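In this note's numbering, the protein residues as written are 316 to 467.
Simulated from the structure, these hints should not be mistaken for laboratory data.
The structure presented is a predicted model; accordingly, all values stated were derived computationally and were not measured.
Don't take each hint at face value.
Once the Cα atoms are required to be at most 27 Å apart in a straight line, the calculated DSSO-like pairs of lysine-lysine come out as [as the list claims (entries may be wrong)]: (1) K327 to K451; (2) K415 to K396; (3) K359 to K340; (4) K346 to K359; (5) K340 to K448; (6) K323 to K451; (7) K327 to K345.
Beta-carbon label-pair distances, calculated as ranges [said to hold, decoys possible]: (8) S318 to N450: 35 to 45 Å; (9) D410 to A375: 34 to 44 Å; (10) I351 to N373: 17 to 27 Å; (11) F319 to T439: 19 to 29 Å.
Glycine included, C-beta positions come from ideal geometry on N, C-alpha and C.
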Amino acid sequence: MPSFSISKITLKNYRQFVDATVNLKYSEGKKNIAIIEGDNGLGKSNIFNAINWCLFANEAHLGKNSEAMPLCNTSVLKALKTNAYADVRVEILFDTPNGKLEISRTIKAYKNSAGQEHRDANSTLIASRYTAKGNKEIPNPEDTISRILPPN
Numbered sequence: 316m317p318s319f320s321i322s323k324i325t326l327k328n329y330r331q332f333v334d335a336t337v338n339l340k341y342s343e344g345k346k347n348i349a350i351i352e353g354d355n356g357l358g359k360s361n362i363f364n365a366i367n368w369c370l371f372a373n374e375a376h377l378g379k380n381s382e383a384m385p386l387c388n389t390s391v392l393k394a395l396k397t398n399a400y401a402d403v404r405v406e407i408l409f410d411t412p413n414g415k416l417e418i419s420r421t422i423k424a425y426k427n428s429a430g431q432e433h434r435d436a437n438s439t440l441i442a443s444r445y446t447a448k449g450n451k452e453i454p455n456p457e458d459t460i461s462r463i464l465p466p467n
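Could you put the whole structure together from the sequences, leaning on the hints where they help?
Written out as structure tokens, the structure is:
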């Protein structure tokens, strides 16, 4: 399997993140480890959840009773008018032997009349390859994900 690394994760309205970017730096030819540290409740686990949600449309780290937890940032959700929506988006930028690859997932989160989140049934998954010749959207992004991260 060709080597790849995550160089950037961008979170928009995802869980406690309104607009956040995690940049990861790597040194060529060295074993690289990223450590994310912080106090409880600041979002360390949700960065992991965001990667899983972006790539696989699930958050395996969360428990069974977490289905009721809003995916959309609660302050953003509270600020919405009834039936208005906010886009929840996670983008992951990979460095691969063939150049940069971005995979993103977006879903619309609506505020219902009870003030709670209601999400679209489906999210949008996009994969794009960035090369010196420009950006190119890749058809069948699920196939791209399964090539760099095989199931199991």
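message: Of the numbered hints stated earlier in the document, which are not met by this structure?
response: 2, 7, 8 and 9
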